Amino acid sequence: MLGLLVLTPIIVGAIAYLLRGNAAKALLYIFQVAYVGLAFYVFLNVKQNGPIIWNAGGYTDGLALSLYADSISIFMVLMTAVFYIAFLVYATREPYFKHRFYFMFMALQGLMMGLFLSSDLFNIFVFLEVSTVVVSILIMFNKEKQAIYDGMIYFFVNVIGTAFLLFGIGMLYRTFGLLDIRALREAMTGLESPRAVVLPYGMMMVTVSLKTAVTPLFSWLPKAHGTPSAPPVVSAVLSGLYIKSGVYMFIRFNDMFSPVIDMHVFFFWIGFFTSLIGFIMALGQKDIKLILAYHTVSQVGLIMMGINMASEIAFWGAVYHIFNHAIFKSTLFLTAGLIYEEYGTRNVYKIRGLFKRMPWVAVATVFAILGITGAPFFNGSISKYMIAHGTYDYTVTLLLNIINLGTVMSFVKYSTMLFGKNPEEGTAKTDVYALTASVIMGVASFMTGIFGEALTQFFFNYEVHVNVDEYIQKGMVYFLMIIAGVAFYHGIVKHGGLITRIGHLELTFNGIITSMAGYFIVMVVYLSLIL
Amino acid sequence: MKPLDFITGEIVGILLFFIGLYGLMTKKTIVKTIMSMSIMESGIFLFYITINFTEGAVPPIGQAQEAAFVDPVPSALMITAIVIGIGVTAIGLTMFMHYKQKHGITHWSRNRNQTGSGH
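Protein chains in written order, with my numbering: chain F, 1 to 531; chain Z, 1 to 119.
The hints are simulated quantities; they were obtained by calculation from the structure and are not laboratory data. Just so you know, these numbers come straight off a predicted model, no measurement behind them. Be aware that one or more of the hints could be misleading.
Stated by the list, open to error - Covered by chain Z, according to a simulated footprint, are these stretches of chain F (three or more residues, beta-carbon under 8 Å): (1) 145 to 152; (2) 164 to 178; (3) 511 to 523.
Said to hold, decoys possible - Examples of chain F residues toward chain Z, derived with CB under 8 Å: (4) Glu-94; (5) Phe-97; (6) His-99; (7) Phe-122; (8) Val-133; (9) Val-134; (10) Phe-155; (11) Val-159; (12) Ile-160.
Glycine included, C-beta positions come from ideal geometry on N, C-alpha and C.
Isolated chain F (complex conformation) (with noise of 0.2 Å):
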């Protein structure tokens, strides 16, 4: 069962590319929603009997090469292959939706699955891999000067990333004998000296870490998801929900250690640098695409935040915020992409007049834009209220009203483009197809938001009681950061100087290589510093 989930799709995009034409285009949404129903039956079976195993050849469980779905794992899969019909439709008519992008795409989904279902750390450094090769390819896919020279960029430090984890793995193998996550996990606890597993720590968070894109390993994110020619719909499935699996495997690969390391401080503090540094950055572009990009950064620097806060109401926090940046960050890149078109430029300055003259484009963006910053009602407020919950240090729940404020200010910036002169007169003509899917994710993200509660009972079995007095308190919190946000971005940002200057900073590919060697050795030193 669990099987099918990994290779259903790759199969079927092969099928779609030897097809071609229209009968490939309704094999893939008639597939795709079979697929959901699939990842839905598999979904209720976990939260009615518990995880589920499946072991490849029928060897003992820890021996083999196995497939295992619990709540988190069966969460994503269940989300992805949702987001991928709202992708599915909007490329519809998309220049670029042909035969060669049906298999791409199709075979990243099945690829995604792979890593998020692998129990076998070996499976997962294939996947991971593979997922590398599919990515630079599909980001390269208009064959544009800037867009090869980024996807080089990705491809090889991804690929370098990735020869991390697989040493990694063979040093846990020479003191394991192991290769099964849940298998090493219990190894562990009957570990002497943590020393032993310093190293091999070591390099593997190198690699999750470089999939996150955290501080200061995030220099490869904006260049692959904000390169100017890739098509929106693979922005958004790279910054959705791609990103993602990098925040699984940290989650996975962490509770594997945890018996022996916890490293929950150190990661915490990275998650907050690297949003501050997320939106620092994002402040600094004009380019609409660089400033969601870089926006990705911020957010995920959140979600570590909240993965690392060591309290279990941030944890779900987090994941639940996993969602709702898969939900809004999806329709933003995607109505980007309806705008650069219609526009001709990327420039955020010179868009004007949304509004007028894409209005269901703007009611769409409108409703990611209060889902991100996190308005009252939308999802973004929920997850972050959560997030707030899981401490009660002071200078925490500073620190995350600073990211807020941040979030705000780069979206006060990217929202300019709604108001003022339509350029042109009347409306413009979207497709309907484009349009309808866009709409749906923005609207998606209201929805999540009011039903929030039952969501997140639904999806993790964790119940939430949004307090009302201080649910209240909060959205006042945020109108002021509104106010703070316009007058911020009048008073600085418009004015570039600094900002600028700091925006337009970026490593060189020798440069974000030293910066991996470097983060591995702080990451030795300090653990043998704690241990």
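Use these hints to put chain Z onto chain F, whose structure you have.
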């Protein structure tokens, strides 16, 4: 103990890995990047296949039981990893060749040109 006993496959593997990493950190030519990547991967392969190596062990084939069996798992993993490594190197070279022939660039540039407008 022989004088060069400390030169085991594992040590050499680790050294190769970091030599490759050094190359990646310092060389700006794309071809050298690909070469360093291969060196790094070779280091990993060597590390794996010498994991838990014992003198005089026999391959786990056939019925002969006189000596201890070699652990077959690392070798099996490395066959997969080598194939993946070849594929990755080939793809990297293809990308590089395409890029060089079309745009004549062989080095990692210092800065991406900031594009804010136009397609």
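Tested hints:
1. Counting residues of the segment 145 to 152 of chain F whose beta carbon lies closer than 8 Å to any beta carbon of chain Z gives 7, which reaches the threshold of three, so the coverage claim holds.
2. Interface restraint, the segment 164 to 178 of chain F with chain Z: holds (6 residues with C-beta to C-beta distance below 8 Å; minimum three).
3. Requiring three or more residues with a Cβ within less than 8 Å of a Cβ of chain Z, the coverage given for the segment 511 to 523 of chain F holds, as 3 such residues are present.
4. For Glu-94(F), the interface hint is violated, the least distance from its beta-carbon to any beta-carbon of chain Z being 15 Å, above 8 Å.
5. At a threshold of 8 Å, the smallest CB-CB gap from Phe-97(F) to chain Z is about 18 Å, leaving the interface hint violated.
6. A distance limit of 8 Å between C-beta atoms decides the matter here; for His-99(F) the minimum to chain Z is near 20 Å, and the interface restraint is violated.
7. The interface hint given for Phe-122(F) is met, as the beta carbon of that residue sits about 5 Å from the closest beta carbon of chain Z, less than 8 Å.
8. Among the interface hints, the one on Val-133(F) holds; its C-beta lies about 6 Å from the nearest C-beta in chain Z, closer than the 8 Å criterion.
9. Proximity of Val-134(F) to chain Z is violated relative to the hint, the smallest CB-CB distance being about 11 Å (cut-off 8 Å).
10. This hint holds: Phe-155(F) has a C-beta 7 Å from the nearest C-beta of chain Z, less than the 8 Å allowed.
11. The closest approach between the C-beta of Val-159(F) and any C-beta of chain Z is roughly 5 Å, which is under the 8 Å cut-off, so the hint is satisfied.
12. For Ile-160(F), the interface hint holds, the least distance from its beta-carbon to any beta-carbon of chain Z being 6 Å, beneath 8 Å.
The structure fails to meet hints 4, 5, 6 and 9 from the earlier list, while all remaining hints are met.
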